[in-house]
Structures are given as C-alpha cells and as structure tokens.
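Peer 1: In case you want the letters, here they are:
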Amino acid sequence: GQQVMQIPQYQHVQEGEDFTTYCNSSTTLSNIQWYKQRPGGHPVFLIQLVKSGEVKKQKRLTFQFGEAKKNSSLHITATQTTDVGTYFCAGRGFQKLVFGTGTRLLVSP
Amino acid sequence: DAGVIQSPRHEVTEMGQEVTLRCKLISGHNSLFWYRQTMMRGLELLIYFNNNVPIDDSGMPEDRFSAKMPNASFSTLKIQPSEPRDSAVYFCASSLVNSYEQYFGPGTRLTVT
Numbered sequence: 001g002q003q004v005m006q007i008p009q010y011q012h013v014q015e016g017e018d019f020t021t022y023c024n025s026s027t028t029l030s031n032i033q034w035y036k037q038r039p040g041g042h043p044v045f046l047i048q049l050v051k052s053g054e055v056k057k058q059k060r061l062t063f064q065f066g067e068a069k070k071n072s073s074l075h076i077t078a079t080q081t082t083d084v085g086t087y088f089c090a091g092r093g094f095q096k097l098v099f100g101t102g103t104r105l106l107v108s109p
Numbered sequence: 001d002a003g004v005i006q007s008p009r010h011e012v013t014e015m016g017q018e019v020t021l022r023c024k025l026i027s028g029h030n031s032l033f034w035y036r037q038t039m040m041r042g043l044e045l046l047i048y049f050n051n052n053v054p055i056d057d058s059g060m061p062e063d064r065f066s067a068k069m070p071n072a073s074f075s076t077l078k079i080q081p082s083e084p085r086d087s088a089v090y091f092c093a094s095s096l097v098n099s100y101e102q103y104f105g106p107g108t109r110l111t112v113t
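Same order as they appear, the protein sequences are chains H and A. Here the first sequence is numbered in my numbering, starting from 1 and rising by one per residue. Here the second sequence is numbered in my numbering, starting from 1 and rising by one per residue.
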C-alpha cells in the first residue's frame with residue numbers, strides 16, 4: 001500500500017535557525033497537504049499543494065511539491081518558539097489521505 | 001462554529017470492557033474520518049465515511065472495532081472487547097467531500113489497563 005515517509009524524525013534548533021522537513025511517497029500523489037500538531041493538541045491543516053513543482057508561502061513557511069509529485073518539503077525560515085510541534089505531510093493517492101510519519105520540531109530560545 | 005466535538009476527552013477502562021467514542025461533525029460537513037495516533041505507529045486512518053456511507057474501513061484493526069454514522073452529524077467508534085494495545089489517542093476529523101481539508105477534533109485519550 002501507499003507509504004509516506006518523512007525525514008528527519010526529530011530536529012532541535014536554536015531560535016532563528018532555519019528548519020526543513022522532507023516528505024517522500026512510494027506512489028505518485030494527486031495532491032499533498034501539510035498539518036501541524038502542537039504538543040498535546042490535534043493536527044491543524046496548513047496548506048494543500050496540487051500542481052507539479054508548486055511552491056507556496058505562508059509568512060516564514062515555504063511549501064514545495066516535487067516535479068514528479070512523489071515528494072514535498074516544508075521549510076521554515078528563522079524559527080520561533082511558537083513553531084514547536086510535529087509537522088505532518090499527508091498525501092492523497094487513489095482515494096484516501098495517508099499521513100506521513102511526522103517530523104517533531106523543538107526550538108530553544 | 002464549535003468545530004469537531006469529541007467525547008469523552010479521556011477514558012480509562014479495564015481490559016475486556018466495551019468502549020464507545022463519540023464525534024460530532026462540523027455543521028455542513030459530509031465526510032467523517034476516524035484516526036488513531038500512537039508513538040509507535042503514528043497517525044493511522046481507521047475508517048472514513050462520505051455522506052454517512054463507509055468508504056474505506058481497511059484501517060480498522062480487527063473485528064473488535066466498529067464505527068457507525070447514525071445520522072449526518074454524528075459518529076461512534078466502538079471497541080468491544082478492549083485490550084491494552086488499543087491505548088492511543090483517537091481523533092475524528094470532518095470535511096466537505098470536495099474540499100479535502102480536514103478539521104480534527106481534540107481527540108480522546110484512551111487507556112486500557
């Protein structure tokens with residue numbers, strides 16, 4: 001079945017440093033979504049990418065969908081302590097959405 | 001809008017007992033998803049419904065798990081009998097069928113002793 005892996009599993013950065021998480025699917029995706037889950041909270045939708053090579057920005061966050069529509073990345077510029085949490089990609093293949101393994105981000109002040 | 005509502009927020013039960021988790025969708029949404037989250041297995045889709053009809057239940061672990069949508073705005077996930085390995089946080093999420101963006105509830109933390 002469809003699998004979605006993310007790397008790294010965990011990253012600890014100092015406030016102000018950049019952060020990137022990578023998402024790779026075993027199959028071609030029709031679209032990919034990104035979610036953020038704060039510690040003790042629930043996943044919250046951030047964005048959806050649909051087109052091959054698409055790049056979208058939300059303030060300090062940059063999301064990219066690969067040309068082959070099998071991978072994606074999320075880059076955070078100049079992290080802040082409010083960025084702490086686990087970031088999940090979720091890829092839609094044939095029908096259902098499959099969540100990635102997640103990258104847990106810790107930001108030290 | 002109150003968002004997706006789940007109850008109870010926490011449940012502690014003994015092995016062998018029946019557990020029922022409840023979810024109320026956001027008004028107007030017509031897709032409902034049940035997820036289970038553990039440290040070991042991450043976020044797993046158990047089952048989802050479109051317009052009250054189960055579409056994919058391939059993620060339901062075994063026959064001990066069952067999910068229903070008795071009406072368009074409400075769903076239950078039942079575990080009978082429960083086992084310690086069922087301990088997890090269970091989320092439900094709702095969306096519009098053509099929207100894809102899922103809105104998650106706060107989750108139910110289940111502990112089976």
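In short, the hints are calculated from the structure, not lab data. Computed from a predicted structure; not experimentally measured. Incorrect hints may have been included.
Claimed, not checked - Straight-line alpha carbon distances no greater than 20 angstroms define the calculated EDC-like cross-link-like pairs of lysine to aspartate or glutamate that follow:
#, chain 1, residue 1, chain 2, residue 2
1, A, Lys78, A, Glu101
2, H, Lys96, A, Asp56
3, H, Lys36, A, Asp56
4, A, Lys24, A, Glu101
5, H, Lys51, A, Glu101
6, H, Lys36, A, Glu44
7, H, Lys51, H, Asp18
8, A, Lys78, A, Glu44
9, H, Lys56, A, Glu101
10, H, Lys36, H, Asp83
11, H, Lys70, H, Glu54
12, H, Lys96, A, Glu18
13, H, Lys36, A, Asp57
14, H, Lys57, A, Glu101
15, A, Lys78, A, Asp56
16, A, Lys24, A, Glu14
17, A, Lys24, A, Glu62
18, H, Lys56, H, Asp18
19, H, Lys36, H, Glu67
20, A, Lys68, A, Glu14
21, H, Lys57, H, Asp18
22, H, Lys36, H, Glu17
23, H, Lys57, H, Asp83
24, H, Lys59, H, Asp18
25, H, Lys96, A, Glu101
26, H, Lys96, H, Asp83
27, H, Lys51, H, Glu67
Peer 1: Compare the structure with each hint and give your call.
Peer 2: Here is what the structure says about each hint:
Proximity of lysine 78 of chain A to glutamate 101 of chain A is assessed by CA-CA distance (about 25 angstroms); at most 20 angstroms being required, the pair is judged violated. For the proposed pair lysine 96 of chain H and aspartate 56 of chain A, the alpha carbon gap of about 8 angstroms is at most 20 angstroms, so the pair holds. About 25 angstroms separates the Cα atoms of lysine 36 of chain H and aspartate 56 of chain A, which puts this hinted pair outside 20 angstroms; it is violated. At roughly 17 angstroms between alpha-carbon atoms, lysine 24 of chain A and glutamate 101 of chain A fall within 20 angstroms of each other, so this suggested pair holds.
At roughly 16 angstroms between alpha-carbon atoms, lysine 51 of chain H and glutamate 101 of chain A fall within 20 angstroms of each other, so this suggested pair holds. A hinted pair counts as satisfied when its Cα atoms are at most 20 angstroms apart, and lysine 36 of chain H with glutamate 44 of chain A qualifies at roughly 16 angstroms. Proximity of lysine 51 of chain H to aspartate 18 of chain H is assessed by CA-CA distance (about 25 angstroms); at most 20 angstroms being required, the pair is judged violated. The hinted pair formed by lysine 78 of chain A and glutamate 44 of chain A meets the criterion: a straight-line CA distance of about 16 angstroms does not exceed 20 angstroms.
Proposed proximity of lysine 56 of chain H and glutamate 101 of chain A is supported: the alpha carbons are some 16 angstroms apart, at most 20 angstroms. Annotation: proposed proximity of lysine 36 of chain H to aspartate 83 of chain H holds, straight-line Cα distance about 9 angstroms (limit 20 angstroms). Only pairs whose Cα atoms come within 20 angstroms are accepted, and lysine 70 of chain H paired with glutamate 54 of chain H is accepted, the gap being roughly 12 angstroms. At most 20 angstroms may separate the alpha-carbon atoms for a hinted pair to count; lysine 96 of chain H and glutamate 18 of chain A exceed this at roughly 29 angstroms.
Distance hint between lysine 36 of chain H and aspartate 57 of chain A is unfulfilled; the C-alpha atoms sit about 25 angstroms from each other, more than 20 angstroms. Distance restraint check for lysine 57 of chain H and glutamate 101 of chain A: the Cα-Cα separation of roughly 17 angstroms lies within the 20 angstroms cut-off, and the hinted pair is therefore satisfied. Under the criterion of a C-alpha separation no larger than 20 angstroms, the hint pairing lysine 78 of chain A with aspartate 56 of chain A is consistent with the structure, at around 17 angstroms. A C-alpha spacing of about 26 angstroms is found between lysine 24 of chain A and glutamate 14 of chain A, which places the hinted pair above 20 angstroms, so the restraint is violated.
For a cut-off of 20 angstroms, the pair hint linking lysine 24 of chain A to glutamate 62 of chain A is broken: about 24 angstroms separates their Cα positions. In summary, the hint linking lysine 56 of chain H to aspartate 18 of chain H is supported, as the alpha carbons are separated by about 17 angstroms, within the 20 angstroms threshold. Annotation: proposed proximity of lysine 36 of chain H to glutamate 67 of chain H is violated, straight-line Cα distance about 24 angstroms (limit 20 angstroms). Simply put, lysine 68 of chain A and glutamate 14 of chain A have alpha-carbon atoms about 23 angstroms apart, too far for the 20 angstroms limit, and the pair is violated.
Among the hinted pairs, lysine 57 of chain H with aspartate 18 of chain H is consistent with the structure: their alpha-carbon atoms are about 15 angstroms apart, no more than 20 angstroms. Restraint check: the Cα-Cα separation between lysine 36 of chain H and glutamate 17 of chain H comes to about 19 angstroms, which is no more than 20 angstroms; the hinted pair holds. Simply put, lysine 57 of chain H and aspartate 83 of chain H have alpha-carbon atoms about 15 angstroms apart, close enough for the 20 angstroms limit, and the pair holds. At roughly 13 angstroms between alpha-carbon atoms, lysine 59 of chain H and aspartate 18 of chain H fall within 20 angstroms of each other, so this suggested pair holds.
Between lysine 96 of chain H and glutamate 101 of chain A the CA atoms are separated by roughly 12 angstroms; this keeps the pair inside 20 angstroms, and the hint holds. This hinted pair does not check out: lysine 96 of chain H and aspartate 83 of chain H have alpha carbons roughly 28 angstroms apart, beyond 20 angstroms. Taking the CA atoms of lysine 51 of chain H and glutamate 67 of chain H, the gap is about 8 angstroms. The hint holds against a cut of 20 angstroms.
Comparing the model with each numbered hint stated earlier shows that hints 1, 3, 7, 12, 13, 16, 17, 19, 20, 26 do not hold.
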